[in-house]
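Letter by letter, the chains look like this.
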Amino acid sequence: MTQAEIKLCSLLLQEHFGEIVEKIGVHLIRTGSQPLRVIAHDTGTSLDQVKKALCVLIQHNLVIYQVHKRGVVEYEAQCSRVLRMLRYPRYIYTAKTLYSDTGELIVEELLLNGKMTMSAVVKKVADRLTETMEDGKTMDYAEVSNTFVRLADTHFVQRCPWVPATENSDPGPPPPAPILVISEKDMYLVPKLSLIGKGKRRRSSDEDAAGEPKAKRPKYSTDNKEPIPDDGIYWQANLDRFHQHFRDQAIVSAVANRMDQFTFQTQTSSEVVRTMLRMSEITTPSTDPFTQPLSSNEIFRSLPVGYNISKQVLDQYLTLLADDPLEFVGKSGDSGGGMYVINLHKALGSLATATLESVVQERFGSRCARIFRLVLQKKHLEQKQVEDFAMIPAKEAKDMLYKMLSGNFISLQEIPKTPDHAPSRTFYLYTVNILSAARMLLHRCYKSIANLIERRQFETKENKRLLEKSQRVEAIIASMQATGAEEVQLQEIEEMITAPERQQLETLKRNVNKLDASEIQVDETIFLLESYIESTMKRQ
Amino acid sequence: MEEYGACQGLKSSWPSGRGLAREWVGPTGWDRNKALRPRGGRSAVLQRWNAYPSARAFCLHPFLAGRHFGCTVLPKPRDLVSRTNPMAGSQGRGRAAYTFNIEAVGFGRGEKLPDVVLKPPPLFPDTDYKPVPLKAGEGEDYMLALKQELRETMKRMPYYIETPEEKQDIERYSKRYMKVYKEEWIPDWRRLPREMMPRKKCKKGPKSEKVKDTGKGASLTNTADVLKKIEELEKRGDGEKSDEENEEKEGGKEKNQEGDEEDDDAAEQEEYDEEEQEEENDYINSYFEDGDDFGADSDDNMDEATY
Chain A
1 MTQAEIKLCS LLLQEHFGEI VEKIGVHLIR TGSQPLRVIA HDTGTSLDQV
51 KKALCVLIQH NLVIYQVHKR GVVEYEAQCS RVLRMLRYPR YIYTAKTLYS
101 DTGELIVEEL LLNGKMTMSA VVKKVADRLT ETMEDGKTMD YAEVSNTFVR
151 LADTHFVQRC PWVPATENSD PGPPPPAPIL VISEKDMYLV PKLSLIGKGK
201 RRRSSDEDAA GEPKAKRPKY STDNKEPIPD DGIYWQANLD RFHQHFRDQA
251 IVSAVANRMD QFTFQTQTSS EVVRTMLRMS EITTPSTDPF TQPLSSNEIF
301 RSLPVGYNIS KQVLDQYLTL LADDPLEFVG KSGDSGGGMY VINLHKALGS
351 LATATLESVV QERFGSRCAR IFRLVLQKKH LEQKQVEDFA MIPAKEAKDM
401 LYKMLSGNFI SLQEIPKTPD HAPSRTFYLY TVNILSAARM LLHRCYKSIA
451 NLIERRQFET KENKRLLEKS QRVEAIIASM QATGAEEVQL QEIEEMITAP
501 ERQQLETLKR NVNKLDASEI QVDETIFLLE SYIESTMKRQ
Chain B
1 MEEYGACQGL KSSWPSGRGL AREWVGPTGW DRNKALRPRG GRSAVLQRWN
51 AYPSARAFCL HPFLAGRHFG CTVLPKPRDL VSRTNPMAGS QGRGRAAYTF
101 NIEAVGFGRG EKLPDVVLKP PPLFPDTDYK PVPLKAGEGE DYMLALKQEL
151 RETMKRMPYY IETPEEKQDI ERYSKRYMKV YKEEWIPDWR RLPREMMPRK
201 KCKKGPKSEK VKDTGKGASL TNTADVLKKI EELEKRGDGE KSDEENEEKE
251 GGKEKNQEGD EEDDDAAEQE EYDEEEQEEE NDYINSYFED GDDFGADSDD
301 NMDEATY
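Top to bottom, those sequences are chains A and B.
First residue of the first sequence: 1, per the numbering used here; consecutive thereafter.
First residue of the second sequence: 1, per the numbering used here; consecutive thereafter.
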């Protein structure tokens, strides 16, 4: 793990779980797989704290354990999974667009809690939805269950591995750690539950400020006493499926940008590509370079209802897509009216390249971008050739090339003419190695997000006093409004925050929003680059 | 500390033997004299240059190589030394031509070469091109709000483990009302290694409904005292005040019982202290309304001075 990744993981863990968990997590990421006592000794924290922290991390799928020889259990952290925490808002928003509020809340609960049983999820989501509904209405468990089943069917949630039930009791002592297994076919199997009930609304007295102890809620209500029907069957969010969805979205929007530029075309080509991707959602594992071949007839049948284009027009579109130099769609045969595949690896490569081009353009200017694209296209170019092809004066071209070279976007390939590699008798060719440039950019993205988070924390800490004051004022206003105060009194309380302070708060809010939005968008770039790198590594 | 090596090729730095000599230790061994003062003309130097291909790969741009830090190993061919560093003067054997086509690198003959950079690039460099504005749209706004909300929510979840604060000398009044009460979370022990379970010295049973554990005898008798006090207060009929205390005590007691499972010595101590403080404040509480109504209502009921 690079230093930048470790730093980012440390910031994320600290923000979400506190300092103790952060210390343990970062230690595990740095040092790899370790047993419990060694962790406690090396980090200097008490055994209790370490146990608590590890429980939290295991619950959230950030740490896995393995039993080694002589019964020692070792814990290993998953750095890449920690970095996924940046993407939680995107997952939840995607669930919202696909399955509306119910789906959104289900995914949110699963992400916040790591793993949950289906009944617990349904109950919590129903309660939350009931609160947002109008008075008197409640959310039925059945509706939430249906959405949950739909999510499981489309693989957005999956079951966690569980302890296999052993028929014969172990003669020896129980193992130090349970071995969790899961089989492919059971992963999306929803247990038959009859969840009957409605969401409960919280009592209005509980809507006070956070000082209200939650212990006021009936802790020992009857629900807890009943045995949970699906005890031991835990569900988690299937992040790979979400990634597949993001990738499909990116491909469709790329096709739309390229081909559907004219509004009167009603976005047909992107629709065709979307249909093809949808058809191969479940059949093709996301790491394959190509989707399964689809015949033109199948695509025609699967087009969304209401899309009335004739078969010939569809064929024309498919041919157009297949002939496009971007090579997103390829033709793999002629049976069934033409077999077409989507070239996933190429598509990801194009997206990563486009990202690189755009970064070069924004950082060095459009002329540099021209040179970059030129070198990309021609693969290897000498200095003189670059100047000629790009039609840029020699001095500037050299300057730009060296700038990009020192930024590691372009690299040099030397081809010696003589065996003694004399510099005067060697060709030096400029080339773009997309994989290494992508890696460099990814590393930079991690650093940027770490900087953004640090800056945001710094800004918040600087204005901590002011923020607390404004929170207190809001709490007072809220309580006064609840007890029915007059306008004059409310005005007085609001004036407790002076105008310059209000200004300061506004500025702070704007800055924090900007930093947060930047984090989300840098994460999109990270997703593209990581997908491309992963796809390339799989092929090698 | 000046960077030496092929990149700068300051002749004065060659024979001082500070680091360069060490770097000459190669697989073939080396002759100290030969290493320090290569004689034998250009071809001999070039031979050494060629013998270390990996180093060459770093030093592709001898003129820009001043920026490549940590570029160790080879000295430059001596001819270049006098050219690149005007300070070296004409110590070289003659102002011979470069070993490669200088035009190719971009500097005309006789031009002044750019200064070698001796420090890391600035921390906040000026950018010629300002960044493009962020994407704005419904989706982005929603995700932004979601992110900020999630951040707040995570802090209130039981998974967020607070660092135990040091005891402050003065107990701030507002602290009681800014405490965030969290639900307890009990992991599913069947899925975790056995060593994760909290160990008790003399643990009777794992059930939380059982009230007493011998290890917790001390704090629970305390609870028993507290409970008795609650009953007394209830009989006095103080209405909502004692309800609040009751529930606070209940919260404390429940936390206590849940604390059996967590086996947190620190938490035990905290709870113990909390109950102790609550006991101390019981007396005061019965005279004085709680802070929520401090501003508005209490003026109506109480003419007494505040304590």
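Everything labelled a hint here was simulated from the structure, so no lab data went into it.
Any given hint could turn out to be false.
[To be verified] Derived CB-CB ranges, DEER-like:
1. A:Lys185 x B:Asp128: 53 to 59 angstroms
2. B:Arg199 x A:Gln249: 30 to 36 angstroms
3. A:Thr507 x B:Val117: 24 to 30 angstroms
[Stated by the list, open to error] In silico EDC-like cross-links for lysine to aspartate or glutamate, where the CA-CA straight-line distance does not exceed 20 angstroms:
4. A:Lys115 x A:Glu184
5. A:Lys96 x B:Glu138
6. A:Lys7 x A:Glu357
7. B:Lys135 x A:Glu357
8. A:Lys461 x A:Glu15
9. A:Lys331 x A:Glu357
10. B:Lys130 x A:Glu357
11. A:Lys514 x B:Asp115
12. A:Lys398 x A:Asp388
13. B:Lys182 x A:Glu15
14. B:Lys135 x A:Glu414
15. A:Lys198 x A:Glu131
16. A:Lys346 x A:Glu362
17. A:Lys461 x B:Glu232
18. A:Lys461 x A:Glu524
19. A:Lys398 x A:Glu414
20. B:Lys182 x A:Glu184
21. B:Lys155 x B:Glu183
22. A:Lys514 x B:Asp141
23. A:Lys395 x B:Asp115
24. A:Lys198 x A:Glu134
25. A:Lys123 x B:Glu184
26. B:Lys155 x A:Glu19
27. A:Lys200 x A:Asp127
28. A:Lys395 x B:Asp128
29. B:Lys155 x A:Glu454
30. B:Lys147 x A:Glu519
31. B:Lys147 x A:Glu454
Don't be surprised by glycine CBs; every beta carbon is placed ideally from N, CA and C.
Verification of the supplied hints:
Hint check: Lys185 (chain A) to Asp128 (chain B), Cβ distance near 58 angstroms, so the stated range 53 to 59 angstroms holds. For the hinted restraint 30 to 36 angstroms between Arg199 (chain B) and Gln249 (chain A), the CB-CB distance of approximately 50 angstroms leaves it violated. Restraint check, Thr507 (chain A) to Val117 (chain B): a C-beta distance of roughly 37 angstroms breaks the suggested window 24 to 30 angstroms. Of the pairs offered as hints, the one joining Lys115 (chain A) and Glu184 (chain A) holds, with about 18 angstroms between alpha carbons and a cut-off of 20 angstroms not exceeded.
Restraint check: the Cα-Cα separation between Lys96 (chain A) and Glu138 (chain B) comes to about 13 angstroms, which is no more than 20 angstroms; the hinted pair holds. At most 20 angstroms may separate the alpha-carbon atoms for a hinted pair to count; Lys7 (chain A) and Glu357 (chain A) exceed this at roughly 27 angstroms. Taking the CA atoms of Lys135 (chain B) and Glu357 (chain A), the gap is near 18 angstroms; set against the 20 angstroms cutoff, the hint holds. With a C-alpha separation of about 13 angstroms, the suggested pair Lys461 (chain A) and Glu15 (chain A) falls inside the 20 angstroms cut-off, and the hint holds.
With a C-alpha separation of about 28 angstroms, the suggested pair Lys331 (chain A) and Glu357 (chain A) falls outside the 20 angstroms cut-off, and the hint is violated. A threshold of 20 angstroms between alpha carbons decides the hint, and for Lys130 (chain B) with Glu357 (chain A) the separation of about 16 angstroms falls inside it, so the pair holds. A distance of roughly 39 angstroms separates the Cα atoms of Lys514 (chain A) and Asp115 (chain B); the hinted pair therefore is violated under the 20 angstroms criterion. Restraint check for Lys398 (chain A) and Asp388 (chain A): the C-alpha separation of about 12 angstroms stays at or below 20 angstroms, so the hint holds.
A threshold of 20 angstroms between alpha carbons decides the hint, and for Lys182 (chain B) with Glu15 (chain A) the separation of about 17 angstroms falls inside it, so the pair holds. Straight-line distance between C-alpha atoms of Lys135 (chain B) and Glu414 (chain A) comes to about 41 angstroms, which puts the hinted pair past the 20 angstroms bound. With a CA separation close to 12 angstroms, the supplied pair Lys198 (chain A) and Glu131 (chain A) stays within the 20 angstroms bound. In summary, the hint linking Lys346 (chain A) to Glu362 (chain A) is not supported, as the alpha carbons are separated by about 24 angstroms, beyond the 20 angstroms threshold.
The hinted pair formed by Lys461 (chain A) and Glu232 (chain B) fails the criterion: a straight-line CA distance of about 46 angstroms is larger than 20 angstroms. In summary, the hint linking Lys461 (chain A) to Glu524 (chain A) is not supported, as the alpha carbons are separated by about 27 angstroms, beyond the 20 angstroms threshold. At most 20 angstroms may separate the alpha-carbon atoms for a hinted pair to count; Lys398 (chain A) and Glu414 (chain A) meet this at roughly 17 angstroms. Pair hint Lys182 (chain B) plus Glu184 (chain A) does not hold up; C-alpha atoms about 37 angstroms apart against a cutoff of 20 angstroms.
A C-alpha spacing of about 12 angstroms is found between Lys155 (chain B) and Glu183 (chain B), which places the hinted pair at or below 20 angstroms, so the restraint holds. Taking the CA atoms of Lys514 (chain A) and Asp141 (chain B), the gap is near 11 angstroms; set against the 20 angstroms cutoff, the hint holds. Between the alpha carbons of Lys395 (chain A) and Asp115 (chain B) the distance comes to roughly 18 angstroms, so the proposed pair stays at or under 20 angstroms and holds. Between Lys198 (chain A) and Glu134 (chain A), the direct Cα distance comes to roughly 14 angstroms. Compliance with the 20 angstroms bound is thereby established for this hinted pair.
At roughly 18 angstroms between alpha-carbon atoms, Lys123 (chain A) and Glu184 (chain B) fall within 20 angstroms of each other, so this suggested pair holds. A hinted pair counts as satisfied when its Cα atoms are at most 20 angstroms apart, and Lys155 (chain B) with Glu19 (chain A) qualifies at roughly 12 angstroms. With a CA separation close to 5 angstroms, the supplied pair Lys200 (chain A) and Asp127 (chain A) stays within the 20 angstroms bound. Straight-line distance between C-alpha atoms of Lys395 (chain A) and Asp128 (chain B) comes to about 19 angstroms, which keeps the hinted pair within the 20 angstroms bound.
At most 20 angstroms may separate the alpha-carbon atoms for a hinted pair to count; Lys155 (chain B) and Glu454 (chain A) meet this at roughly 18 angstroms. Taking the CA atoms of Lys147 (chain B) and Glu519 (chain A), the gap is near 10 angstroms; set against the 20 angstroms cutoff, the hint holds. With a CA separation close to 16 angstroms, the supplied pair Lys147 (chain B) and Glu454 (chain A) stays within the 20 angstroms bound.
Violated hints for the displayed structure, listed by number in ascending order: 2, 3, 6, 9, 11, 14, 16, 17, 18, 20.
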